[in-house]
Amino acid sequence: LATPSPFQLICSAHDASCLYLVMRAYLGGNLANLLAAHGPLTENSARFYLANIALGLELLHVLGVMYRDLKPENVLLGSSGWPVLADFGLIAFVDSSANASRSYTRVGTPLFMAPEMVAETGHGAEVDWWAMGVLACDCLTGHTPFAEDDDEAALYRNIATATFARRFQREFACRLGPGAPLVDALLKLEPSERLGAGTGGVGALRACPFFRGVPWEALRRRQVAAP
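Using full-length UniProt numbering, read the sequence shown as starting at 1 and increasing by one per residue.
In short, the hints are calculated from the structure, not lab data.
Be aware that one or more of the hints could be misleading.
Dumping the calculated DMTMM-like pairs for lysine to aspartate or glutamate here, alpha-carbon to alpha-carbon at most 20 angstroms [unchecked claim]:
| # | residue 1 | residue 2 |
| --- | --- | --- |
| 1 | Lys188 | Glu120 |
| 2 | Lys188 | Glu58 |
| 3 | Lys188 | Asp87 |
| 4 | Lys71 | Asp87 |
| 5 | Lys71 | Glu43 |
| 6 | Lys71 | Asp15 |
| 7 | Lys71 | Asp150 |
| 8 | Lys71 | Asp184 |
| 9 | Lys71 | Glu58 |
Construct all of the structure, not just a fragment, from the sequences and the given hints.
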């Protein structure tokens, strides 16, 4: 899903065994490729991509959709560098009723799961803002914050307490720079306290110092040059 237009399905077809979906080609690869090739992003580049992702999440949430699989591999890049959210196989729909606004399934990529998803206590769209916090860490440092040397149990313990992994604290947290307050505000244990999900909503996220100077409306209209 791009901002402001959705990920484009050109046509579909099927035969006896398969369904075929033809979609627009995004020839810039994905954000994971970019990070692997060039390492952590500059602050300005990270700001551009994260602001666009925030707009995409905002649109999904307005439509009553939890994305639930935000990660670098699912952020496709067009030939001009503009990001597009893709892979909607794990979305869930929500409405205003209390029961229908929660899901109790553990889905997605463990590195990006929110504490309430790991605990399977019920989650809402707030999980997407947590995942954006993890993604911000990855963009700014080249590493996700909770993994402990391929130890999945330790990963889940760290997520459950919002505790950065020991190696991340030692070697990478200092690289967050001006992005540290943004990451801290997104990685809140209490879902309702996360930036983007709290009483200030997405407006509070836009007002975060990390995004100071972002021309949101021009960004929405793609009137800003990609880095």
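Violated hints - listed by number, lowest first:
3, 6
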